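As a plain string of letters, each chain reads:
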Amino acid sequence: METIALLLILFAFAVMGLFVPIRYGNRFAFISSLIVFAYSLYLFLTFPISAEYQYVADYSWVQSLGIHFKVGIDGISILLVMLTTFLTPLIIFSVRKSEPRPRAFYSLILFMEMALIGVFVSMDGFLFYIFWEIALIPIYFICLLWGGKDRVKITLKFFIYTIAGSLFMLVALIYLYLHTPAQHSFDISALYAAGKSLDPHAQSILFWFFFLAFGIKMPVFPLHTWQPDTYTDAPTQGTMMLSGIMLKMGIYGLIRWMIPMLPQGLAQNAECMLWLAVAGIIYAGIIAFTQKDMKRLFAYSSIAHVGLIAAGIFAFNGQGLQGGIIQMLSHGINVVGLFFIIDIIQSRTGTRNIPSLGGIRLKAPYLATVFAIIMLGAIALPLTDGFPGEFLLISGVFKFNNIAGAVAGFTIIIGAVYMLRTYQNSMLGETSVETDNFTDLTMTEKTVLIPIVIMVILIGVWPNLFLKVSEPAIMKLLSGI
Amino acid sequence: MNTLLILSALGVIALFAEIFRFRKGLFPLILLGLAAAFIFTANQYNHPHVFFGMMNFDNYAVIFSCSILVIAFLWFMMAKNYFLQETSVTDHFSLILFSLVGAVVMVSFSNLTMLFLGIEILSVSVYVLAASDKSNVMSNESGFKYFLMGSFATGFLLFGITLIYGVTGSFDLATIHTQLTTTNEKGLVLAGILLLLVGLSFKSSLAPFHFWAPDVYEGAPTTVTTYMATVVKTAAFAAFFRLFSTCFTAAGNWSDILWWMVVLTLFIGNVSAVRQKSLKRLLAYSSVAHAGYIAIAIVSMSATSASAIFYYTLTYSISSITAFTILFIVSRYKGSKDISAFEGMSKANPLLAFAMTVAMLSLAGIPPTAGFFAKYYVFLTAINHGNTLLVLLAVIAALIGIYYYFRVIIAMYFKPEQQLVPIQVGPLHRTVLIITTVLTLLLGLFPNLVLGWI
Amino acid sequence: MNQYAALIPFFPLAGFVIIGLMNTKLPKNVAAILACGMLLISFCLSLGVFMNISGQSNEVQLAPWISVGSFSASFTFLLDPLSSIFLMIITGVGFLIHVYSVGYMHDDEKHNIFFAYLNLFVFFMLILVLASSYLLMFVGWEGVGLCSYLLIGFWFKNKSYNDAAKKAFVMNRIGDLGFLLGIILLFITFGSSDYHIIFPKAQGFMSGDGMITAITLLLFVGAIGKSAQIPLYTWLPDAMAGPTPVSALIHAATMVTAGIYMVARSGILYALAPVSMFVVALIGVVTAVFAASIALTQNDIKKVLAYSTVSQLGYMFLGLGVGAFSASVFHVMTHAFFKALLFLGAGSVIHGLAGEQDIRNMGGLRKKLPITFLTFLVATFAIAGIPPFSGFFSKDEILAHAFTSNKLFWVLGVIGSMMTAFYMFRLLFLTFYGTYRGNEHKVHAHESPKVMTIPLIILAILSTIGGFVGVPESLGGSSQISHFLDPVFKPAQDKMMLLEGSSSVSEVALMGITVAVVLASILLAWYLYISRKRVPAAEGARLPALQNLSYHKYYIDEIYTALITKPLDKLSEFFKNIVDNKLIDGIVNLSGKATEAVSDLMRFVQTGNVDFYLLAMVIGIACILFFKLM
Amino acid sequence: MTDLKAIPLDWYILLSSILFCIGIMGVLFRRNAIIIFMSIELMLNAVNLLLVAFSAYHNDAAGQVFVFFTMAVAAAEIAVGLAILIVVYRNTKSTDIDVLNRLKG
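Chains as they are written, first to last, in the working numbering: chain C, 1 to 481; chain L, 482 to 935; chain E, 936 to 1565; chain X, 1566 to 1670.
The reader is advised that the hints may include incorrect statements.
Below, a list of computed lysine-lysine pairs in the DSBU-like style, where the Cα atoms sit at most 35 Å apart [as the list claims (entries may be wrong)]:
id: 1; chain 1: X; residue 1: Lys-1658; chain 2: L; residue 2: Lys-818
id: 2; chain 1: L; residue 1: Lys-561; chain 2: X; residue 2: Lys-1658
id: 3; chain 1: E; residue 1: Lys-1563; chain 2: X; residue 2: Lys-1570
id: 4; chain 1: E; residue 1: Lys-1136; chain 2: C; residue 2: Lys-468
id: 5; chain 1: L; residue 1: Lys-615; chain 2: X; residue 2: Lys-1570
id: 6; chain 1: E; residue 1: Lys-1430; chain 2: L; residue 2: Lys-815
id: 7; chain 1: E; residue 1: Lys-1094; chain 2: C; residue 2: Lys-363
id: 8; chain 1: C; residue 1: Lys-446; chain 2: E; residue 2: Lys-1505
id: 9; chain 1: E; residue 1: Lys-1092; chain 2: C; residue 2: Lys-292
id: 10; chain 1: E; residue 1: Lys-1045; chain 2: C; residue 2: Lys-153
id: 11; chain 1: L; residue 1: Lys-561; chain 2: X; residue 2: Lys-1669
id: 12; chain 1: C; residue 1: Lys-363; chain 2: E; residue 2: Lys-1501
id: 13; chain 1: E; residue 1: Lys-1430; chain 2: C; residue 2: Lys-399
id: 14; chain 1: E; residue 1: Lys-1094; chain 2: C; residue 2: Lys-292
id: 15; chain 1: L; residue 1: Lys-758; chain 2: C; residue 2: Lys-157
id: 16; chain 1: L; residue 1: Lys-561; chain 2: C; residue 2: Lys-149
id: 17; chain 1: C; residue 1: Lys-157; chain 2: X; residue 2: Lys-1570
id: 18; chain 1: C; residue 1: Lys-157; chain 2: E; residue 2: Lys-1505
id: 19; chain 1: L; residue 1: Lys-828; chain 2: L; residue 2: Lys-667
id: 20; chain 1: L; residue 1: Lys-818; chain 2: E; residue 2: Lys-1528
id: 21; chain 1: C; residue 1: Lys-363; chain 2: E; residue 2: Lys-1136
id: 22; chain 1: C; residue 1: Lys-363; chain 2: C; residue 2: Lys-97
id: 23; chain 1: E; residue 1: Lys-1528; chain 2: C; residue 2: Lys-292
id: 24; chain 1: C; residue 1: Lys-446; chain 2: E; residue 2: Lys-1045
id: 25; chain 1: L; residue 1: Lys-818; chain 2: X; residue 2: Lys-1570
It should be emphasised that the hints constitute simulated quantities derived from the structure, not laboratory data.
In this text, all values refer to a predicted model and were calculated from it rather than measured experimentally.
With the sequences and hints as input, model every part of the structure.
As structure tokens, then:
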């Protein structure tokens, strides 16, 4: 019931948001998302550490087709739900007063939050798919309506690209559904059983179908080319939603749906997948070296980070999976912080072009400090949030394949190179024409960034707070295969 | 049977209304009559009624009749204003009502004679309607092309019926079914089935017999196009499936041919739509493409095919009515049927834009709209039948589809507004749009509402 | 005592947090006193630990950190003789440098931030040495790298300083990857990264075990990065961009010795991997000579000292590689004293000359900076290895072990110490002797304030007497330090089954040779720079080939740029412009383009002519009938 | 009726097929709408012939009834067709089908 309440509250807020007086649009959405955050925090704090689903609600939806509205939260979902509810208020609050957004913008964000949470709590394959697709619509409109100058082409490409993947997933889901015992069912456990009962060859094919959906969403090399353009062109809030939360859908899909359903498929393709992911880490990292546009640079860095997460998950051992989970959280938090910082810089200087920046630390020490901390998180310095994840992931990959692990490890070097380059060229040095009148963080900006900084350090120092929550569920997943 | 009687009576009343100067009251009367017909039809649910072996009002027939009546009801609300401006409104209304009779016959026949008659009643009325904008060359051309090709196709249909009759000695579906299992005339039977397939494929615009569709849809008055895309299509597929599922499941191997036709249809329909400037023509091609999706369910003849076709045709019709209604409104207002006429609509008419978006999403098959579930259901049926490859091809076609449906959305939401003056939407149109949009979302979220019946 | 010991790192952390958050709101004096005070408390606690340690080791559990399944790592501190010595060095020398900084940084506008960073550095350094597991050591390891980054680029307006900082971080990261992979391999092999699990288990392995060799080599990659050995040493000379106290604390006395600490800590593992030991020794000795040869011709006072640090670190690795763990630790300690002193002395000179760092513009400062001169002299004696200064004992112990292990190493070691003596005295003579060559009118050289000179004096005393804790038996001493460290290194020494070294007589003879060689090179320096009054050539002057090579640091930086940095940037652009945009995205876009092209084609087919449509229909029917009926 | 049966059924099939094909050819190769209509009539009548033949062979009247339906429908169709053609002619002054190609693409 609690799960449904979460979804319903959000849906109600999203609809109400369309009708509040225009000038309260932002405030209404912010407060709504805070309420949702508070509620999910309550769920998190009272969440029993167990491998079982909690707060399960199960209603028959399309009876004749065995489709249920079945939702529940387990140790993995709760963390992603928390990530979503934690980041959304920040994202809403990050809208600057000088660029007001209409009510529809906030409603779309709340609507998207609902869909994202829906993805994370679905226990029915069909429901999962519905939420998966629904999440795409608001972000499409957010990017289309408030994006940069090439938005039409780019967002359409993004939309069709991601839908392409998901349609193949739909085919795979139907196929699995038809292999459940008579009176077919989309229930997650029934699908698990159906998937496992298939012969390895079939599993392998389905594995690729699912991979298309999840791989495009994350995105994994070489399915990534929509991503840098979309991130660059989307409005800041859209980029934050996309990179902070939405790409986690893909990773979550791997962990929750694809791998447990198709263990033989994984067994046959793990090596290939792993190398693909690892290649992506290096490839995207190296591309990030010479990017001039900050947003594009972080977009590529995001590909690299996600590549590592994917590699860890395909290694499919305790470290890899747990590392993937914790890294999802920290990547979400870091990337939202980083994109917000870009937004701040862009709103002050009118440019994101790194060479024309510089010396911001002289003018805005707070911003520089916050940027530094989040950047350290992104390059996985110990005691920041990136480290537990990257360490676990690299060790997970290493365990699976020594060489791949070592190559994946290069991310800590490559990441340091482009991050420090960016930091140096934007924050350090002498001021440029653009940055000469740079002002430091406003209260609003601090309100967004300080929680992020706190989380960066909290996850780094006390990762067990989150690892312990997901551990039983992960162990169950591992033992199920 | 009551349905047919009511509809025929309405048609006759409409025909004479002009004489009795009853134009004003005609419209409400028709709506009332349709509602009554709906109630009578729905009442027959689970009470199969066979009319002298000619027609069989089983649940299949009832459901499709109801669906057709609902669509027709919405259509009348949408089309009223257009025809009221014409001098011969009553003629048009009576033609529509007669063609509805044909449609009901098409979904409930149990004898090839009735199938033929149903198709002809429907078609002949629509030939006239397509050409009804007399002074417009486009409309003339549309009606002429439709007529010419339609009667040409009728020849093949008849030839097919004749061959089947020649082998089985009967026009009765059940008899044909039993006769076909024992006959030795495999060649003639197959030829007959294939010619029937051709005839019905023409009516449901499957490639390579789809060529008439884009031209006719574009040239005909928008309201008539709507009628063709919704009622005619529904009836055609209902008849197609009824015939092939009752008679030819065991006879002759026709599904591989249909398989290829479906693939061809999907790609021709979707790909051709990509570069259209005119929304009307785009929707025409989209209609061809959707015929392909529906036909997947016929290729994959199985237990869920009937409900898949029913759900698909119903939701497709509803979304189409939304789209065509808005196209109708916009083209009246701006004098253009091009996609560019929609530019900036989100600013001037946000609700209209929203309704159009929902319709486009539904046609593109994106959750949570009904169009998604329709596609899903068809795909499910196909995969269950082992047609996975066909589904994969359909998926690719659907992706192409998204591309052009989204061109409309983009035009509405992105392009700089040409005119910020909001378009005035009449109360009837508004009602239609509200009903169709709500239904599109409702049926998408709760497909159970209609799926349980069939 | 132990529970208090756990607090040692947290005082500097508190200092960092308070100063860092308050920043400019805090008066400079308060910040300085706070920072120094925090360190003083830590020092006192460390002293307590040091006094009470008496050979045993204790673990202090603080909190769990990361745990996944059987794998877990926690915040746990290990107190044993080895860590206590490092505690003493870090907090002791650290405190002195803090005090010195009060004077040195007094006028800097970012005075408070500087102290915050310094405190943070001390915190991480203490975590590094106190860690009871490799993973926690890695926390400190990376943390000090961060602080090093922050402090090298402390004056961040200057691009080249920033570049130096970035270079330091990235090069360290290269090493860290090795370290990290080593830790992961340890996890896989031993199921833990805790010393108390790994070391006992390791004793069960055969000497020369492949896994152990791999682990130790990977760990050593980490040490190479952190302790600036070939091939990752080039960051350290550049790191001199930071304020001089930073160079003294981080890039001489403490952080760069972390690699030595780590290898020493893993002694038992290295003892099981002779190959790794050889690699360690080889890289150490080659670096020692190589870096010393560069130092011979450098003109920047800090650069000379930087290369000297690299060289001295090489000696320490040589010691580790030949199994002289306690000698290396001993050298770490003495090196901390005299190298910190040298840097602080250099800082005092720079301070006195208002920022001048080029020795060509110095000379004759003996009179103007008497205290600085005297302490610098002591340190120079110490580093050159002249008895009885501290460096003599530690370095000769290493050389003695090297002699027993591999004669070639010893020869190279002696050559290195010859060079050391030469460049140090060259530096001393050029700076303090002769006449002032700088612009007298512009700069009025003056002695530094007391707050700077007192640490110099203390360090000078330590540099003088520090060696006495390790006087070898052969010279009648008792080698206290190696006895003190014995509990830590015993298992490793046992595994190695060292050939009991040459007799004490030969050890004395070796010392004699070294001292003689050193004295000879001092004389050479005297001859060149005092008698002949030679001054290094000005910038751009043509130099003899060898000298030129040394002066340009063998062009290693240029080679790295040409071989790694530039190609990577090119590769980046290639990936972006060709692979990403043209190839991958090209395929994606092509599918769209192709669809549109086909669409146009199909529109062409839809001619609008009824007879064509009818024909198409008939052809379609014909095909169907043909394929099905024929 | 016996006379009818005296001719083998195959011949009827052949004949009406040929007639049907002639009709098709007429539709395909003539440009004048009126002639095309006539060709279509030919096709329908070919079918009618066959129907009657089958009807006779099966001794089943349904086939002949069907023929009446067909003829009625054909008449209606042609009526409608001619009506449309008249409208077209009014606008284009031509009964040539090639004139009608405004709708395309």
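Exercise. Given the hinted pair E/Lys-1430 and C/Lys-399, is their alpha-carbon gap at most 35 Å?
Worked result: holds (29 Å)
Exercise. Can the restraint linking X/Lys-1658 and L/Lys-818 be considered satisfied, given a maximum Cα separation of 35 Å?
Worked result: holds (27 Å)
Problem set entry | Straight-line alpha-carbon gap E/Lys-1528 to C/Lys-292, limit 35 Å | holds (29 Å)
For this session: For the pair supplied as a hint, L/Lys-561 and C/Lys-149, confirm whether the alpha-carbon distance does not exceed 35 Å.
Result: At roughly 43 Å apart (the allowed maximum being 35 Å), C/Lys-149 and L/Lys-561 break the hint.
Exercise. Has the given pair, E/Lys-1094 with C/Lys-292, been kept, meaning a C-alpha gap of at most 35 Å?
Worked result: Since the Cα atoms of E/Lys-1094 and C/Lys-292 sit roughly 18 Å apart, the hinted pair holds (cutoff 35 Å).
Exercise. Given the hinted pair L/Lys-561 and X/Lys-1669, is their alpha-carbon gap at most 35 Å?
Worked result: holds (29 Å)
Exercise. Taking 35 Å as the top limit, are the C-alpha atoms of C/Lys-446 and E/Lys-1045 close enough?
Worked result: Distance ~23 Å between C/Lys-446 and E/Lys-1045 Cα, so the pair holds.
Problem set entry | Given pair status - C/Lys-153, E/Lys-1045, alpha carbons within 35 Å | violated (49 Å)
Problem set entry | Agreement of L/Lys-818 and E/Lys-1528 with the hint, judged by alpha carbon distance not exceeding 35 Å | Answer holds: L/Lys-818 to E/Lys-1528 is near 25 Å, not above 35 Å.
Exercise. Does X/Lys-1658 lie within 35 Å of L/Lys-561 when you go C-alpha to C-alpha?
Worked result: holds (32 Å)
Exercise. If you draw a straight line from the CA of E/Lys-1092 to the CA of C/Lys-292, is it 35 Å or shorter?
Worked result: holds (21 Å)
Problem set entry | Hinted pair C/Lys-157 and E/Lys-1505, Cα distance within 35 Å | holds (29 Å)
Hint compliance for this structure: hints 5, 6, 8, 10, 16, 17, 19, 21, 25 are broken, all remaining hints hold.
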